[in-house]
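**Q** Here's the letter readout for the chains.
There are 2 protein chains.
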Amino acid sequence: MKIPPPDSGLLSLNTATVREKWSLREVIQGCARHGIRGISPWRDKLAEVGAKEAAKLIRDHGLKVTGLCRGGMFPVADRKGRQAALDDNLRAVEEAATLGARCLVLVAGGLPAGSKDLAGAREMVRDGLGELLDRARAAGVPLAIEPLHPMYCADRACINTLAQALDLCDQLDSGKGGALGVAVDVYHIWWDPQLRQGIERAGDKRLLAFHICDWLVPTTDLLNDRGMMGDGVIDLPRIRSWMEAAGYRGFHEVEIFSAKNWWKREPDDVLSVVKRRHQECC
Amino acid sequence: MKIPPPDSGLLSLNTATVREKWSLREVIQGCARHGIRGISPWRDKLAEVGAKEAAKLIRDHGLKVTGLCRGGMFPVADRKGRQAALDDNLRAVEEAATLGARCLVLVAGGLPAGSKDLAGAREMVRDGLGELLDRARAAGVPLAIEPLHPMYCADRACINTLAQALDLCDQLDSGKGGALGVAVDVYHIWWDPQLRQGIERAGDKRLLAFHICDWLVPTTDLLNDRGMMGDGVIDLPRIRSWMEAAGYRGFHEVEIFSAKNWWKREPDDVLSVVKRRHQECC
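If you read the protein sequences in the order shown, they are chains A and B. The working numbering numbers the first residue of the first sequence as 142 and each following residue consecutively. The working numbering numbers the first residue of the second sequence as 142 and each following residue consecutively.
Derived by calculation from the structure, the hints in this document are not laboratory data. A hint or two may mislead.
Since copy identity is lost for identical chains, a pair holds within one copy or between any two.
Stated by the list, open to error - Only pairs whose alpha carbons sit at most 16 Å apart, straight line, appear in this in silico EDC-like list of lysine to aspartate or glutamate: (1) 416 <-> 148; (2) 257 <-> 376; (3) 162 <-> 185; (4) 143 <-> 258; (5) 205 <-> 194; (6) 257 <-> 372; (7) 346 <-> 194; (8) 346 <-> 385.
Here the structure is a predicted model, which means the values were calculated and not measured.
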């Protein structure tokens, strides 16, 4: 059965997609110019103007903030480092609140330096998350755990499947109050044989963000070789249909790390392709 | 609790580890010279002398064949291609029988060219495996499904977790007769939060092979940047202890793809390091 194209009004742009050539201000103006109604800034871009000014700019251009990237990075070996991580996460929560972001996206963090204790790192994630959750809830900022591809387990995120992220949600927010959920990024979890079940299990209360791009064959770099939707092997309409069946009505956020291709192009051209591919391939 | 070092008599060498500098004959002689008692050839190496001559050489040097790499590659779009894949798998079964190999290692295969139908590819794996299994059973060759890292899902293997491989075992060999099992390669599944449970679930009947190496941080190449045991972040003694707790008493097979490092070194030096690291880091 052919899946109908997505609502073009649900397209959102993650600033990472054009990060090499555009400032935050230019991204905001670019989105408005191209009729893209959602934006998701990374914090380094936000720092260019500050959260308050950014919030005003974004509002003035009629955009919604579909997420702030990112907090997390919980596993740290020493107490001082853990406190610094918490402080930084609290600043991220404040920024997300200022922006009125749909969620703060959390990348769990990998193994502490020199450690091989993966189970221990995962406990640190649970503990750090638990510590942050009350403060985020008080600030009205939902936290979205983003499972990252297993190839990032050691150095970026030791939460690598939707099931694992949802287990954390169950442990820390059993009431499903909406304060804790997941960011579904197809790049990281398209391969998971339990993906459909995970999306169903999450349900609309916990599906806080939906990130799209594509997996290229071959992939030549572990970090910065993501593809534009349609250029790879991910069945994007199918995964979107699972999201919708689970009740997700939020934005489709395009996040493409692409050192050799998309980052080198003119951002206005990139946005034109993004809009077209969203309709044709997602 | 400190885990005691492994039995040095259980060390096995996968020919991939020294494939750039040594012929199969040299690998066999090298293993004998270094007191390594197991060997696992790839079929391209086997082709140098043929299975019969290889079997004789290996026997004459007192080695055990801990596995033959590899069969599989089941998902193919057209009927003719599927038949060719089956024929090649049947030849691999014959070779494994001739060698008296502990198992034929199966790499499932990825998406057929141009396809995004991951569920369909996985069905092709199940069907192809089912077709091969009777013939392998008749030949007395156990088949070992090797789940590959999710980063290979598109182009090499769409079986990516131990749970998924074991589900296939349950479907196709519910009697646990030993004809179908898994190859546990730490490189592919060390990150899996369900790894311990998977090893327990497999049990000794289905744990047919144990492959070791290490995950480097950073990893600079998706294919050929595996680390020597001890140079990365995998807690090898712990995973071995899980294997042993599940009843596994087989070999520890060292398989390192390393274009920039180990493949460039003198194989005799590599084998010395392999032996030492097996004792110190595994």
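**Q** Work down the list of hints and note, for each, if the structure agrees.
**A** Evaluated hints:
Taking the shortest Cα distances, residue 416 and residue 148 sit within 16 Å of each other inside one copy (11 Å), while across copies they are farther apart (59 Å). In this assembly of identical chains, residue 257 and residue 376 lie within 16 Å of each other by CA distance solely across copies; the values are 6 Å between and 35 Å within a copy. With identical chains, the CA atoms of residue 162 and residue 185 are at most 16 Å apart within one copy only, with a shortest distance of 14 Å there and 47 Å across copies. In this homomeric assembly, residue 143 and residue 258 come within 16 Å of each other (Cα to Cα) only across copies, at 14 Å, whereas the closest approach inside a single copy is 46 Å.
Proximity of residue 205 and residue 194 under a CA criterion of 16 Å is satisfied intra-copy only: 15 Å inside one chain copy versus 69 Å between copies. Proximity of residue 257 and residue 372 under a CA criterion of 16 Å is satisfied inter-copy only: 11 Å between copies versus 36 Å inside one chain copy. Taking the shortest Cα distances, residue 346 and residue 194 never come within 16 Å of each other, neither inside one copy (30 Å) nor across copies (63 Å). For the homomeric pair residue 346 and residue 385, the shortest alpha-carbon distance inside one copy (12 Å) is at most 16 Å, but the shortest distance between copies (42 Å) is not.
When each numbered hint is compared with the structure, a violation occurs for hint 7 only.
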